[in-house]
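Enquirer: Here is how the chains run, residue by residue.
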Amino acid sequence: MEVRRPERAYWLCQFGGWGLYTLYVLTLAVQFEGGLRLKSVVSVVGFLLVVAPLATHALRAWILRNGWLEMSAARALPRAAAAVVLLAASLGALTGVVNVAVLRNGEWRTWFPQVMGGVASGYAMALTIWMWIYFTVQDRRRRRVLEVKALKLEVVARDARLRTLESQLNPHFLFNSLNSVRALVAEDPQRAQMMITRLSELLRYTLQSNGREVVPLDEELRAVEDYLAIERVRFEERLTVDLEVEPAARRHRVPRMLVLTLVENAMKHGIGRLTHGGVVKVGATVAGDRLLVRVANSGSLHINANGAGLGLSNARERLQLIYGDGASLALEPDGAFVVAAVSVPLQPATAAALQVTA
Amino acid sequence: MKVAIVDDERLARAELRRLLKAHDDVAIAGEAKNVEEAEALLQRETIDVLLLDIQMPDGTGFDLLERLDRVPAVVMTTAYDEHAVHAFQINALDYLLKPIAPDRLAQALDRARRAAQAAARTRVTSGASGPKKPAIDRVFVRDADRCWLVNVAEIRLLEAEGNYARVHFGANRPLILRSLQTLEARLNPALFFRVSRSAIINLHAVEGIETDVDGSLTVSLRGGPQVKVSRRQSRRLRDELSL
Chain A
1 MEVRRPERAY WLCQFGGWGL YTLYVLTLAV QFEGGLRLKS VVSVVGFLLV
51 VAPLATHALR AWILRNGWLE MSAARALPRA AAAVVLLAAS LGALTGVVNV
101 AVLRNGEWRT WFPQVMGGVA SGYAMALTIW MWIYFTVQDR RRRRVLEVKA
151 LKLEVVARDA RLRTLESQLN PHFLFNSLNS VRALVAEDPQ RAQMMITRLS
201 ELLRYTLQSN GREVVPLDEE LRAVEDYLAI ERVRFEERLT VDLEVEPAAR
251 RHRVPRMLVL TLVENAMKHG IGRLTHGGVV KVGATVAGDR LLVRVANSGS
301 LHINANGAGL GLSNARERLQ LIYGDGASLA LEPDGAFVVA AVSVPLQPAT
351 AAALQVTA
Chain B
1001 MKVAIVDDER LARAELRRLL KAHDDVAIAG EAKNVEEAEA LLQRETIDVL
1051 LLDIQMPDGT GFDLLERLDR VPAVVMTTAY DEHAVHAFQI NALDYLLKPI
1101 APDRLAQALD RARRAAQAAA RTRVTSGASG PKKPAIDRVF VRDADRCWLV
1151 NVAEIRLLEA EGNYARVHFG ANRPLILRSL QTLEARLNPA LFFRVSRSAI
1201 INLHAVEGIE TDVDGSLTVS LRGGPQVKVS RRQSRRLRDE LSL
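The listed protein sequences derive, respectively, from chains A and B.
The first sequence maps to residues 1 to 358 in my numbering.
The second sequence maps to residues 1001 to 1243 in my numbering.
Just so you know, the hints here were simulated from the structure itself, not pulled from any lab data.
Check the hints yourself; a few may be wrong.
[Said to hold, decoys possible] The calculated lysine to any residue pairs, modelled on SDA-like cross-linking and capped at a C-alpha distance of 20 Å, are:
1. 268/A to 1080/B
2. 39/A to 110/A
3. 268/A to 169/A
4. 39/A to 100/A
5. 281/A to 222/A
6. 1021/B to 185/A
7. 268/A to 1057/B
8. 268/A to 1060/B
9. 39/A to 49/A
10. 1021/B to 186/A
11. 149/A to 6/A
12. 39/A to 105/A
13. 1228/B to 1166/B
14. 39/A to 21/A
15. 268/A to 1058/B
16. 1021/B to 187/A
17. 1228/B to 1241/B
18. 268/A to 1010/B
19. 268/A to 1059/B
20. 268/A to 1034/B
21. 1002/B to 1027/B
22. 268/A to 1062/B
23. 268/A to 1055/B
24. 268/A to 1063/B
25. 1002/B to 1022/B
[As the list claims (entries may be wrong)] Which residues of chain B face chain A? A partial, calculated answer using Cβ under 10 Å:
26. 1013
27. 1014
28. 1055
29. 1058
30. 1097
31. 1100
Owing to the predicted nature of the structure, the values given are computational and were not obtained by experimental measurement.
Glycine included, C-beta positions come from ideal geometry on N, C-alpha and C.
Start from the sequences and build out the full structure, keeping to the hints where you can.
Expert: If you want it as structure tokens, here you go:
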């Protein structure tokens, strides 16, 4: 994923940190030596801006290779402390050797133990700070990565759940319809053509979600009309359809396939169980800031209850995932009818977010 | 061959009628659009092959089979290969998926013809001393979530259990809601023998017979239990088997 940018930030920190320390050491040198001597400047800049960054870069590689970041504090701390001591001592020794033998720096010759001690403890302090910054930054970054991962997993899980809940067209319906079309081809070619068109439209709607979780009611109702037109061909005089939709309701959004699922349920558990058939009524109104959709079928809840559970509980869970507690779905008897009543808020809050996942 | 069509959709029935026209030896004896009508039709007419839909408004095709005394050869028709078809385990002659392919229908009818010939042959060999009504060829058995269409010849033993009869066939022994009296009246007497008040055995399934001290018999059935024969029936069974 992001490789370049953390790497740049890392080098910026390396040189920024060591740069600050270089300035600090140079001010000390000015105080002690009463001015900047070339040999000291070469030594300080060479060691603190070249050798030290390289050394800590190697240290980082060592830390990563040995997995110190994954260790508990109790295991990482002694290792880090040992590394600081060892590295400070080696850098101190190297600085001493170079200053005495190569640069022939007079200060070092006369005050070797004192200068050596100061330089080594300076390294130790700087390395301790380096260690602290490195572990803190790494820890934060890891935590953020974990958080992002958890969030992504949550979104994926929710998405998968929504997809399984979204009902598919019942294969029973599909093959029965094709059987009816086959019969109609001989009996009434014009109706057969109409039915093929309706079936195609309906299949297109159910198969092509384009990643949309909610659609305008108008679009959903067109699919419902196709569905019911096909069922009227199959059920003939056993099915009467009654659509009563307020024009203002049509532009508001509903979960895709929700009304269709309720109508399918009404057919399967209602009309399909009545020897002489019955009526399916679909109604929609806007009430305040809510869209109300009602699907009613002749019959009694007793018949409906038998097996209607899964489709409805899936629809309920879907409403919950999309609207939280802002939507409801109830199935209740009403005179000679069984009514499935859905209420959703007019502006689904997460609708925009949901459209991103395709 | 007399065929009946049971389906709740008029178009589905019309389609079957149209497809059946291609078969000269097939006569459509009637149609029904629900379980109730189908039951009446099958009581009125003697049918060779029943083309039966599974889902109907007032019940399933299995509900219909369960209500029938005399079960014809059954070809299930269904729109989708659902588990209901798989639950139907043994001896449904065939099942057809809608929309029905003409050659698949021809195949199913072929099977029905062969089954009818085989049944006719057994009836002839079993002699003229049959019951007033012709003997049944198969019974429909449903037990919890499984069902079978059992060829009568496969049944070894029928045991009375209250109002029910336990049917032993293969490795299965489900219960059906029929009294032994009812069943006995419908079974071929050349094949089935009432050994006591509570059991009927298939004579072809008898593997061995032992005589007890009191002269009554105990019959061992192939792959099944041993059955005690009542004293009165032991005498008749000896005559029957000319022991």
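Enquirer: Decide, hint by hint, whether the structure agrees.
Expert: Outcome of the hint check:
| no. | hint | result |
| --- | --- | --- |
| 1 | 268/A to 1080/B | holds, 15 Å |
| 2 | 39/A to 110/A | holds, 15 Å |
| 3 | 268/A to 169/A | holds, 12 Å |
| 4 | 39/A to 100/A | holds, 11 Å |
| 5 | 281/A to 222/A | holds, 15 Å |
| 6 | 1021/B to 185/A | holds, 16 Å |
| 7 | 268/A to 1057/B | holds, 10 Å |
| 8 | 268/A to 1060/B | holds, 13 Å |
| 9 | 39/A to 49/A | holds, 15 Å |
| 10 | 1021/B to 186/A | holds, 14 Å |
| 11 | 149/A to 6/A | holds, 18 Å |
| 12 | 39/A to 105/A | holds, 6 Å |
| 13 | 1228/B to 1166/B | holds, 16 Å |
| 14 | 39/A to 21/A | holds, 18 Å |
| 15 | 268/A to 1058/B | holds, 13 Å |
| 16 | 1021/B to 187/A | holds, 15 Å |
| 17 | 1228/B to 1241/B | holds, 16 Å |
| 18 | 268/A to 1010/B | holds, 17 Å |
| 19 | 268/A to 1059/B | holds, 13 Å |
| 20 | 268/A to 1034/B | holds, 16 Å |
| 21 | 1002/B to 1027/B | holds, 5 Å |
| 22 | 268/A to 1062/B | holds, 18 Å |
| 23 | 268/A to 1055/B | holds, 10 Å |
| 24 | 268/A to 1063/B | holds, 18 Å |
| 25 | 1002/B to 1022/B | holds, 14 Å |
| 26 | 1013 | holds, 9 Å |
| 27 | 1014 | holds, 5 Å |
| 28 | 1055 | holds, 7 Å |
| 29 | 1058 | holds, 5 Å |
| 30 | 1097 | holds, 7 Å |
| 31 | 1100 | holds, 7 Å |
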